[in-house]
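A.B. asks: One letter stands for each residue in the lines below.
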Amino acid sequence: MTEAVQSAHDTSFVVKRTRLRKILDNKTLWRGIAAIILFILFWEVCSQSKVWFGIQVPWIGKIPPPSEVVVNWAEIVQHPGYWESWYLSFFRVFFGFMIAQVVGIPFGLALAVNKYFRDIFFPPFEVLRPIPPLAWVPASIIFWPTTELSIAFVTFLGAFFTIVINVLGGARTIDIQYLRAAQSMGATQWDLFRKIILPGTLPSIFTGAAVGMGITWEVVLAAEMISGGGQQSGGGLGFFIWSSYMGGSMAQVIVGMISIGIAGYVSSSLIRYVGFLSMPWRRLF
Amino acid sequence: MSDQAISSVEAGKAGEVRAAPKGIMLAWYRFKKSLATPDPYLMVFGIFLWLGTYYLLTEGWKVPRFEKIPGPVEVITEFFSRDPIWGTSLFTEDFHTNVYVSCQRILISFGLATGLGVPLGLFMGWSRKFKDYAFPILETLRPIPILAWVPLAIVMFSGFETPIIFLATLASFFVTTLNTLLGVESIDESYFRAAGCLGSKKHHVFWHVVVPGAMPFVFTGLQISIGVAWFSLVAAEMISGDFGLGYMIMDSYMVNKYVSMVMAMISLGFVGWITSAMVRWAGNRMMQWRVKALALEGR
Amino acid sequence: MAAKTTTGSRKKAPAASGGRGAISIRNVTKIYDPEGVNVMAVDNCSMEIQAGEVCMIVGPSGCGKTTLLNVIAGFHSLTHGEIYLDDELLCGPGKPLAKQGADRMVVFQNGALFPWKSLLDNVAYGPMVQGVLSKSDARDKALDMLAEAGLKDVADKFPGEVSSGMARRAEIVRALINDPKVLLLDEPYRAMDALTKSIMHEALLEMYDRTKVTIFFITHDLEEAIFLGDKAVVMTTRPARTKKVVDVNIPRPRDYKLLSSEEFRILVEEAKDAVHEEAIKAFEAGERELA
Numbered sequence: 001m002t003e004a005v006q007s008a009h010d011t012s013f014v015v016k017r018t019r020l021r022k023i024l025d026n027k028t029l030w031r032g033i034a035a036i037i038l039f040i041l042f043w044e045v046c047s048q049s050k051v052w053f054g055i056q057v058p059w060i061g062k063i064p065p066p067s068e069v070v071v072n073w074a075e076i077v078q079h080p081g082y083w084e085s086w087y088l089s090f091f092r093v094f095f096g097f098m099i100a101q102v103v104g105i106p107f108g109l110a111l112a113v114n115k116y117f118r119d120i121f122f123p124p125f126e127v128l129r130p131i132p133p134l135a136w137v138p139a140s141i142i143f144w145p146t147t148e149l150s151i152a153f154v155t156f157l158g159a160f161f162t163i164v165i166n167v168l169g170g171a172r173t174i175d176i177q178y179l180r181a182a183q184s185m186g187a188t189q190w191d192l193f194r195k196i197i198l199p200g201t202l203p204s205i206f207t208g209a210a211v212g213m214g215i216t217w218e219v220v221l222a223a224e225m226i227s228g229g230g231q232q233s234g235g236g237l238g239f240f241i242w243s244s245y246m247g248g249s250m251a252q253v254i255v256g257m258i259s260i261g262i263a264g265y266v267s268s269s270l271i272r273y274v275g276f277l278s279m280p281w282r283r284l285f
Numbered sequence: 001m002s003d004q005a006i007s008s009v010e011a012g013k014a015g016e017v018r019a020a021p022k023g024i025m026l027a028w029y030r031f032k033k034s035l036a037t038p039d040p041y042l043m044v045f046g047i048f049l050w051l052g053t054y055y056l057l058t059e060g061w062k063v064p065r066f067e068k069i070p071g072p073v074e075v076i077t078e079f080f081s082r083d084p085i086w087g088t089s090l091f092t093e094d095f096h097t098n099v100y101v102s103c104q105r106i107l108i109s110f111g112l113a114t115g116l117g118v119p120l121g122l123f124m125g126w127s128r129k130f131k132d133y134a135f136p137i138l139e140t141l142r143p144i145p146i147l148a149w150v151p152l153a154i155v156m157f158s159g160f161e162t163p164i165i166f167l168a169t170l171a172s173f174f175v176t177t178l179n180t181l182l183g184v185e186s187i188d189e190s191y192f193r194a195a196g197c198l199g200s201k202k203h204h205v206f207w208h209v210v211v212p213g214a215m216p217f218v219f220t221g222l223q224i225s226i227g228v229a230w231f232s233l234v235a236a237e238m239i240s241g242d243f244g245l246g247y248m249i250m251d252s253y254m255v256n257k258y259v260s261m262v263m264a265m266i267s268l269g270f271v272g273w274i275t276s277a278m279v280r281w282a283g284n285r286m287m288q289w290r291v292k293a294l295a296l297e298g299r
Numbered sequence: 001m002a003a004k005t006t007t008g009s010r011k012k013a014p015a016a017s018g019g020r021g022a023i024s025i026r027n028v029t030k031i032y033d034p035e036g037v038n039v040m041a042v043d044n045c046s047m048e049i050q051a052g053e054v055c056m057i058v059g060p061s062g063c064g065k066t067t068l069l070n071v072i073a074g075f076h077s078l079t080h081g082e083i084y085l086d087d088e089l090l091c092g093p094g095k096p097l098a099k100q101g102a103d104r105m106v107v108f109q110n111g112a113l114f115p116w117k118s119l120l121d122n123v124a125y126g127p128m129v130q131g132v133l134s135k136s137d138a139r140d141k142a143l144d145m146l147a148e149a150g151l152k153d154v155a156d157k158f159p160g161e162v163s164s165g166m167a168r169r170a171e172i173v174r175a176l177i178n179d180p181k182v183l184l185l186d187e188p189y190r191a192m193d194a195l196t197k198s199i200m201h202e203a204l205l206e207m208y209d210r211t212k213v214t215i216f217f218i219t220h221d222l223e224e225a226i227f228l229g230d231k232a233v234v235m236t237t238r239p240a241r242t243k244k245v246v247d248v249n250i251p252r253p254r255d256y257k258l259l260s261s262e263e264f265r266i267l268v269e270e271a272k273d274a275v276h277e278e279a280i281k282a283f284e285a286g287e288r289e290l291a
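Just so you know, the protein sequences line up as chains A, B and C, in that order.
All the letters of the first sequence, read from the start, carry residue numbers 1 to 285 under our numbering.
All the letters of the second sequence, read from the start, carry residue numbers 1 to 299 under our numbering.
All the letters of the third sequence, read from the start, carry residue numbers 1 to 291 under our numbering.
Simulated from the structure, these hints should not be mistaken for laboratory data.
Among the clues, some could well be false.
Unchecked claim - Which residues of chain B face chain C? A few of them, derived with a C-beta cut under 7 Å, are: (1) R193; (2) C197; (3) P212.
To be verified - In silico BS3-like cross-links for lysine-lysine, where the CA-CA straight-line distance does not exceed 30 Å: (4) K202(B) <-> K135(C); (5) K157(C) <-> K135(C); (6) K99(C) <-> K202(B); (7) K135(C) <-> K292(B); (8) K27(A) <-> K129(B); (9) K197(C) <-> K152(C).
Because the structure is a prediction, the values reported are computed rather than measured.
Quick reminder that beta carbons are idealized off the backbone N, C-alpha and C, glycines included.
Could you put together the complete structure from these sequences and hints?
C.D. replies: Shown next as structure tokens:
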């Protein structure tokens, strides 16, 4: 039987491995890179199939190969018009998104905090919610005097519903014990709201914002594609894609798609970063 | 250890014990009980407040800008009219066609996306290697908004129908796949260990742990996915369509039949709501274990 | 098996239980390597568990007890040392990861009954997937065993619908239906109140007296350790080593009256000193627990 036993080992058992080694050992990373390269090769081969083998692969055979897209892209970045599209789309997204935040967060919090408010305003909200945001586009164009404003309105609607639902859900999951603890320490209603409900809802606010941002891009793009031809407010990446399509340059359409993908990714990363900065207590996990 | 006794039995008056109401009776009991609180009255008040504001702005006071939007009375009378002024109502052929076409497209797209997305997500969650290869490609394509695929879809697939279905499928495919993957990853490690201890082979683990364990997330994903499918469908129909509710909105707008446009919007909201309720119902049917556990926790 | 007389002659397996399920842990070391920083969870730990013995492992939270269990069960590989089950190498040099199998059944800390299967299906699962019994035979046997544990009325309920005590009991039944050599329990009664716990203890003892299965039981509750065990092994704080072994020579069957006896109190005192010292060290280290 072993009694309180020996330790042959030194207690300093913490050994650091080099960071680089860690990265080089990372199988997931290499597999990911391999997969993406294979994907691009596959696309190239399929698109070139008609030229190389004389047989056109269905579907993918009809779209331009990545090499052509890269050439097209290299050319288009020299045009200021391309960058203006970026600017216009970003501006619209930011504008619609911000209004949705400014209106949606207080509305969601009010729904969560006040029962009567919820009883009265939640049903109409729920009635309107299932209508897809894009269905509002024509109505919005009729109502608002300028196309720009109608795009902003539809963008706002797209993000608004998601944000409100997330804020409401988040605020209602706050553990009642926090509220009781604060009350027992003599917190006022305002303290409860500012010190507990608001920070407690913050994670959901950022989740809602990230999802809302995705929807905002969808909506801006659609609105630009549907109404972008309007005289007062052309431009934007959606319009860029649509006009490239009308002009018959599919390579340019793909440039537009990738650009908008990057733009969407950058915006949602930005939100995650702001979320990371404003919620220090969540960084542990 | 008497929790099931507490949950299923209701203490009546004078210590008399009644069996718990079930199904419709339970709903009726809850309804009766809620009448004693101000909630239902406030709800009705809320709806009427909203409708009233809408009416006054558009038809009552005819506030500038609002007057261009068809008001509730006009829309409702038109909707239920057998002889509609603008040619479309609940009783006309073309309305039925549009609803039918949209629903059919949703059924196909949602079915395709679920049929492809759920297995793909399950396999990605099950096999580390497969996920390492497949996930980066998905993540590269996902940030591209569905609408950006419209021209590509038109070029790749001929006709009206296929591109529209492709777009709706693509949108809900991403959501379903990722949620399924998340579902598998959310399964507690100890279930896999328990299955291993009990002598499961790989296929047992897949069917008895991975599949049922991922179900709650899969159905959350499907709820979102069907919403996304409607979103993309409407967009696609608006941009390039021949039929469907999205087309009805755009077409009515083009020819200034604003009342029909609002009708299409309302119908969209309604069918969208019905379909997502159906998904929720199917989920509850398939996950009795979860429904019952949540019910006992009072949720 | 019940009453042990000497501590000196324990090297050989006692004949009473048929010599099934003896575990020999020899110089086992486990080093984790999460983010490129080595963390030693178990350090050169050795112990012998006789066939049919109830061995209680006591130590502060996060000390590496669970790691030891995971190595035996085959969830983790070991870094050094070797573990034998009935003189058969489970894991050791050249075979760091033990094969998971139904000879060592685990009952988990937070419970791992499949929530999507009824208690009956949970219990019937093991024999069914191993191909030992057909599905209907497995269900019949499962129902018998559940009835024996007093769970007949709730056999068709889902784990989420029954109390945690019942779920725990069903989980032990799920393990026992496979006729394991060793039962590995990882703080199974951790989140229970004292009253429920004592009922669970008696049920476990009753079950043990019936089956005489070897039990490897992790806990941080000293009274539980002395009440249930044939011996209690006190572990040091991370990295885990055996610090002290307390032999519990109290005859079986035992019941709750034992808790107030002098004999019991003395043994608890003996273990307490050793554990308390380690608990302070663990508290001061203040690290989050290892998985």
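A.B. asks: Between K99(C) and K202(B), is the straight-line Cα distance small enough, at 30 Å or below?
C.D. replies: 14 Å, holds
A.B. asks: With the threshold set at 30 Å, check whether the alpha-carbon distance from K202(B) to K135(C) stays at or below it.
C.D. replies: Judged against 30 Å, a Cα distance of about 18 Å means the pair holds.
A.B. asks: Should the hint that P212(B) touches chain C count as held when the rule is a Cβ pair under 7 Å?
C.D. replies: 4 Å, holds
A.B. asks: Are the Cα positions of K27(A) and K129(B) separated by 30 Å at most?
C.D. replies: 9 Å, holds
A.B. asks: For the restraint on R193(B), tell me whether the closest CB of chain C is nearer than 7 Å.
C.D. replies: 5 Å, holds
A.B. asks: Minimum Cβ distance from C197(B) to chain C below 7 Å?
C.D. replies: 5 Å, holds
A.B. asks: Holds or violated: are the alpha carbons of K197(C) and K152(C) at most 30 Å from each other?
C.D. replies: It holds: about 21 Å lies between the C-alpha atoms, which stays within 30 Å.
A.B. asks: Between the alpha carbons of K135(C) and K292(B), is the straight-line distance 30 Å or under?
C.D. replies: The given pair, whose Cα atoms are some 25 Å apart, holds under the 30 Å limit.
A.B. asks: Between K157(C) and K135(C), does the CA-CA distance stay at or below 30 Å?
C.D. replies: 18 Å, holds
Every hint from the earlier list agrees with this structure, and none is contradicted.
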